[in-house]
Amino acid sequence: MELKSADVLKVRELEFPLDRFYYRGKKSHLWVKMRDGITEVGMDAFLVHSTGYLNYISINTGEVKQGKGVGNFESAKFVSRIFSPINGKIIEVNQKALDNPRQINASPYTTWLFKIEPSNPQELEGDDFISSSIELKEWIEADLIELDGE
Amino acid sequence: MIELPQHQRKGESPEFVQTSTAAAMTLKLFPGRFYRKAKLRALNLLLTYKDGCKANCSYCGLSSSRKINEQTFIRVDWPTFALDEVISRVNLYGINLERVCVSMVTHRRAYNDMLSIVKRFRDKTDLRISTLIAPTLIKDREMIEKIKAEGADMCGIAVDCATPELFKALRGSGVRGPHIWEHYWKVVKDAASVFGIYNVSVHFVVGLGETEKEMLRAIQKAYTLGAEAHLFSFYPEVGSTMENHPRPSIGSYRRIQLGRYLIHRGYASVDDFAFDDKEHVKSFGVPENVIEEIIDDGNAFMTSGCRGNGSEVACNRPYGNERPSEKLRNYPFIPNIEDNKDIREQLLDYSF
Chain A
16 MELKSADVLK VRELEFPLDR FYYRGKKSHL WVKMRDGITE VGMDAFLVHS
66 TGYLNYISIN TGEVKQGKGV GNFESAKFVS RIFSPINGKI IEVNQKALDN
116 PRQINASPYT TWLFKIEPSN PQELEGDDFI SSSIELKEWI EADLIELDGE
Chain B
5 MIELPQHQRK GESPEFVQTS TAAAMTLKLF PGRFYRKAKL RALNLLLTYK
55 DGCKANCSYC GLSSSRKINE QTFIRVDWPT FALDEVISRV NLYGINLERV
105 CVSMVTHRRA YNDMLSIVKR FRDKTDLRIS TLIAPTLIKD REMIEKIKAE
155 GADMCGIAVD CATPELFKAL RGSGVRGPHI WEHYWKVVKD AASVFGIYNV
205 SVHFVVGLGE TEKEMLRAIQ KAYTLGAEAH LFSFYPEVGS TMENHPRPSI
255 GSYRRIQLGR YLIHRGYASV DDFAFDDKEH VKSFGVPENV IEEIIDDGNA
305 FMTSGCRGNG SEVACNRPYG NERPSEKLRN YPFIPNIEDN KDIREQLLDY
355 SF
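Protein chains in written order, with the working numbering: chain A, 16 to 165; chain B, 5 to 356.
Calculated from the structure, these hints are not laboratory results.
Among these hints, one or two may not hold up.
[To be verified] Pairwise CB distance ranges, derived in the manner of DEER restraints: (1) A:SER73 to B:ASP280: 49 to 55 Å; (2) B:GLY178 to A:ARG96: 55 to 61 Å; (3) B:VAL242 to A:ALA121: 19 to 25 Å; (4) A:GLU150 to B:VAL242: 52 to 58 Å; (5) A:ALA121 to B:ALA278: 51 to 57 Å.
Where is the CB? At the ideal position from N, CA and C, for every residue including glycine.
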C-alpha cells in the first residue's frame, strides 16, 4: 500500500511521519508500515514521550490477533502492554531494540519492534488506523491534553 | 528527535543538584508518566560533586567503591540539573508538590551547600523543606539548629541498618567507611530536640541482613527517641558491593510495615509482638479486627516519609523500590481492593 508523502506532522515537540499508519486500538500508539508485504510495527513519538526512557521490552512471537497482547514495555515509572495492530504472524523481533530499548527513545521511527506477516493487509483501512494528518493531529492533541491532566 | 538522558555531570552543588527520575518527570525535565496515575508530592534532591560521596556504604549507588560509573541511586537515574532551573520549574509545574527534600552526601562542602539550597527554596518557593543530613559531617547541635533556622521544618537521618553490627559491617569500619553508629543516634537525639518530636525521621533499609525482630526493635528505638521510621526496601544497585544480595521477601516487608504502623499509631510496642525462632513476626499482640481494619484502610502499606501540608505523607516516592511491573512495596497512593487482597496474602507469606 502506497502512502501519499513522507511529510512529517509536528504536534508540540512530537513528530509523526506521514509515510505510515498509526494504530489507536486499545489506546495503543503504534506505527505500522508495510514493506514488501510485511508489516513493520514500532512505537510512535507520543508513546515514547509519555512512557519516558524505556528500560525493558518483551515481545512474543507466533500467531497474533488484532487487539490482543503480544508483549510489554516498561520505563522507570510506567509499564503497559503492547497489542497487535493486525491479525497475522510475528515473524521477526528486533532483538537489538529489545536489548537496548533506549534506541527507541532516540529514534522511534527507524527502530521497528516486530514484523508481522499479515493475514489480511486490508485491515489497515479499518477505523483503528489513522494516516491522515488532520485526524492524526486531533488524536494526538486530545491524548496530550489527557496526559497533561495526569 | 527525543534526547537521551545526559549522564555527564554538568556541574556541582550548590549551583547544580541531582534529582530523582520522578522529580525530573514532574518538573518536565524528563519525559514519562507514572503507572496507575501516581502523583509525586515531594521533590527529592541530592547534592552532587565531581569527586562524589566520600562514604563507602556497601549497598549504596553513591558509594565511592562502586565499580561502574552510573548515575543511578535507589534503582533509577538521578540526572543533574541547574538549581535555578529546578526552582523555576517547581513554580511552573509543581502544583502537586508539597515538600522538597535536600539530601546531603558525605562531602566536606555538603553542609554549607545544603544550607544555601535550603535558603534558596525558602526564599523562592512555597514548598515545605526537609533535609536528609549526613551525620558524619554534623559535629554539634548548633549545626542542626542552623538548618532549622535556614528554613527546614523536618530532618531525616539515614541510619539504614537495624543493628550496630550491620552498620559497622556495611557502612563503618567493615568497608573502611567513615560512619559511626553511636554518632548517628546521637544526631537523631539532637535533631529531635531541635526540630521537635516526630519532625525527625530515621530511614531504614529493610533487607540488609537483619531479622524482622531486629528491624522492628530499631523502629521502636527511633520512635522512643522522637523520630518516625521511614522504610525503604533494599534494591541491589548494579556495581555496588551488594549487587548480588537478595531483596527482602515481600512477606517480611509487609510485616515490618504493619509493625511500624502499630508502633507509630500507639496500638502496640515491639514488646507486644511475638516472633518465631527465625525472628519473623508471628503475632502483633493486637486484636484481629484491628489488624483487619488497618489492612482495609491501607495507610500502613503506603510509602512512609515526611508529611506534606496536612498529616499525609508528601514523600511518596512512586516506584522507588521496585519496577512498576512488580508488586508494590510502598504504595504511593491508597491501596485499592485488589491491592488489599495482595497485602493480606503477603502478610502471611513466610517463604523466602
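Against the structure, the hints:
no.: 1; hint: A:SER73 to B:ASP280: 49 to 55 Å; verdict: violated, 39 Å
no.: 2; hint: B:GLY178 to A:ARG96: 55 to 61 Å; verdict: violated, 45 Å
no.: 3; hint: B:VAL242 to A:ALA121: 19 to 25 Å; verdict: holds, 22 Å
no.: 4; hint: A:GLU150 to B:VAL242: 52 to 58 Å; verdict: violated, 44 Å
no.: 5; hint: A:ALA121 to B:ALA278: 51 to 57 Å; verdict: holds, 55 Å
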